[in-house]
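These are the residues of each chain, in order.
2 protein chains.
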Amino acid sequence: MSRFQVIAFDADDTLWHNERLYVEAQSRFKKLLAPYHSPEWIDERLYQAELRNLGHFGYGIKGFALSMIETAVELTEGRIAGAQIQTIIDTAKSMLSAEVELLEHVAETIPLLAQRYPLMLITKGDLRDQEIKIARSGLADHFHRIEIVSEKNPASYAALLERHAIPPEHFLMVGNSLRSDVLPVLELGGSAVYVPYQHTWGHEAADPPAAQPGYYHLAHLGLLPELLERLDGDGQQTMGSNP
Amino acid sequence: MSRFQVIAFDADDTLWHNERLYVEAQSRFKKLLAPYHSPEWIDERLYQAELRNLGHFGYGIKGFALSMIETAVELTEGRIAGAQIQTIIDTAKSMLSAEVELLEHVAETIPLLAQRYPLMLITKGDLRDQEIKIARSGLADHFHRIEIVSEKNPASYAALLERHAIPPEHFLMVGNSLRSDVLPVLELGGSAVYVPYQHTWGHEAADPPAAQPGYYHLAHLGLLPELLERLDGDGQQTMGSNP
Chain D
1 MSRFQVIAFD ADDTLWHNER LYVEAQSRFK KLLAPYHSPE WIDERLYQAE LRNLGHFGYG
61 IKGFALSMIE TAVELTEGRI AGAQIQTIID TAKSMLSAEV ELLEHVAETI PLLAQRYPLM
121 LITKGDLRDQ EIKIARSGLA DHFHRIEIVS EKNPASYAAL LERHAIPPEH FLMVGNSLRS
181 DVLPVLELGG SAVYVPYQHT WGHEAADPPA AQPGYYHLAH LGLLPELLER LDGDGQQTMG
241 SNP
Chain A
1 MSRFQVIAFD ADDTLWHNER LYVEAQSRFK KLLAPYHSPE WIDERLYQAE LRNLGHFGYG
61 IKGFALSMIE TAVELTEGRI AGAQIQTIID TAKSMLSAEV ELLEHVAETI PLLAQRYPLM
121 LITKGDLRDQ EIKIARSGLA DHFHRIEIVS EKNPASYAAL LERHAIPPEH FLMVGNSLRS
181 DVLPVLELGG SAVYVPYQHT WGHEAADPPA AQPGYYHLAH LGLLPELLER LDGDGQQTMG
241 SNP
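Residue numbers (our numbering), protein chains in the order written: chain D, 1 to 243; chain A, 1 to 243.
Since the hints were derived computationally from the structure, they do not count as laboratory data.
All clues stand as given, with none of them false.
Calculated cross-link-like contacts (lysine-lysine; reagent style BS3-like; alpha-carbon spacing at most 30 Å):
(1) A:LYS31 / D:LYS93
(2) D:LYS31 / D:LYS93
(3) A:LYS31 / A:LYS93
(4) D:LYS93 / A:LYS93
(5) D:LYS31 / A:LYS93
(6) D:LYS93 / D:LYS30
(7) A:LYS93 / D:LYS30
(8) A:LYS93 / A:LYS30
(9) D:LYS93 / A:LYS30
Computed beta-carbon distance windows for the label pairs:
(10) A:ASP90 / D:ILE146: 33 to 39 Å
(11) A:ALA206 / D:ALA206: 47 to 53 Å
(12) D:GLU99 / A:HIS105: 45 to 51 Å
(13) A:ALA107 / D:THR87: 44 to 50 Å
(14) A:PRO35 / D:ALA205: 43 to 49 Å
The beta-carbon is built from N, C-alpha and C at its ideal position, and this holds for glycine as well.
Take the sequences, apply the hints, and build the full model.
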């Protein structure tokens with residue numbers, strides 16, 4: 001029997017590409033404002049607007065669109081044209097209807113693991129957008145439970161584990177964000193596998209934890225079944241980033 | 001013992017004021033565009049934009065803000081000024097941080113009912129905005145379960161009832177929207193109490209169902225305990241809109 005009662009996965013940039021939609025949108029945004037400012041300054045001001053607006057808008061594409069519009073007004077001193085505002089809104093719409101493209105190894109690994117463990121999906125962001133992406137991913141049936149939360153921190157993980165009666169020591173979380181998927185779970189005494197993605201939004205960046213029990217680092221999701229076999233085979237904690 | 005295993009409540013415009021925030025925002029929006037068009041035409045075009053964008057943005061203030069911006073661009077043929085766009089974004093922010101004001105009778109009725117029944121809150125919209133309003137309302141502790149869904153239809157109610165192992169015939173839903181709170185629950189064989197609010201968004205409007213078993217209509221929430229006592233006292237179905 002496995003030491004893990006549940007294996008939980010983050011979704012965006014863990015199972016499918018997401019951040020690159022933002023990178024592409026931001027690149028179109030910089031082109032739009034190129035007559036006014038340098039790309040670096042536009043990036044910087046947009047990031048500041050996103051952070052400032054996080055308390056109002058939370059995570060997700062609609063809030064990102066409103067922050068882009070606000071930044072465009074600010075950086076053009078109000079001279080931004082209506083047609084350009086519409087371009088920003090259209091960018092948001094195309095982000096919202098983008099195809100869901102699975103990351104490498106996901107399509108084989110998730111069904112394989114679903115035969116051995118109850119899987120859970122824990123994702124943060126807009127409820128509706130996340131539901132649509134989960135449906136489009138074709139992976140929904142492999143997950144026993146899908147939880148969409150507004151924030152991933154120790155309190156929200158603790159509430160979720162309590163609701164499902166999962167002791168933290170039997171919980172493993174897999175994700176690409178140290179800040180959202182790894183550190184809060186380790187803090188509760190759970191285990192966490194960090195699988196980095198090619199892009200990380202500034203706000204999600206964090207220092208990797210020092211080697212400690214329960215923390216693992218994999219180059220890609222295809223390595224997870226082997227790690228789990230080894231952990232369950234050992235019957236004891238294996239440590240560090242070199243599985 | 002009650003025939004109802006759970007009494008569930010809608011939140012916006014059932015427990016606290018919400019639609020009037022939209023009505024007020026829309027009134028500011030019409031003032032902003034008054035130099036260009038009549039209030040009626042602005043209302044009409046904004047409503048069309050909201051419906052058109054529902055598939056992209058879903059429900060909630062951020063989507064509403066993006067629809068207002070899109071309508072402003074459209075109705076001014078792109079001549080809308082940056083400062084006016086910012087006014088629309090600021091309106092959205094003030095909606096998002098508005099105080100939660102309970103409807104009459106709610107502050108007494110919910111704690112009273114919570115002593116007698118397990119209460120559930122079922123609300124649709126932006127996850128984060130709903131969580132914030134629930135926290136601000138001061139009512140959260142009276143609810144056994146809080147469910148935030150992206151859509152209220154027979155399928156989403158059926159999934160929710162199954163997840164909580166509630167047979168529809170032991171489920172009572174209370175809300176201000178015939179379309180979202182009443183009709184889908186009746187369709188599943190549950191009971192529903194319609195408590196109209198002073199404003200109804202066009203999209204939520206529907207014809208009241210003909211008198212049928214399980215459908216009740218109350219003028220305000222303060223009348224609910226008496227209705228429930230009567231229903232449980234009878235031990236049999238009481239019908240219609242004249243409790």
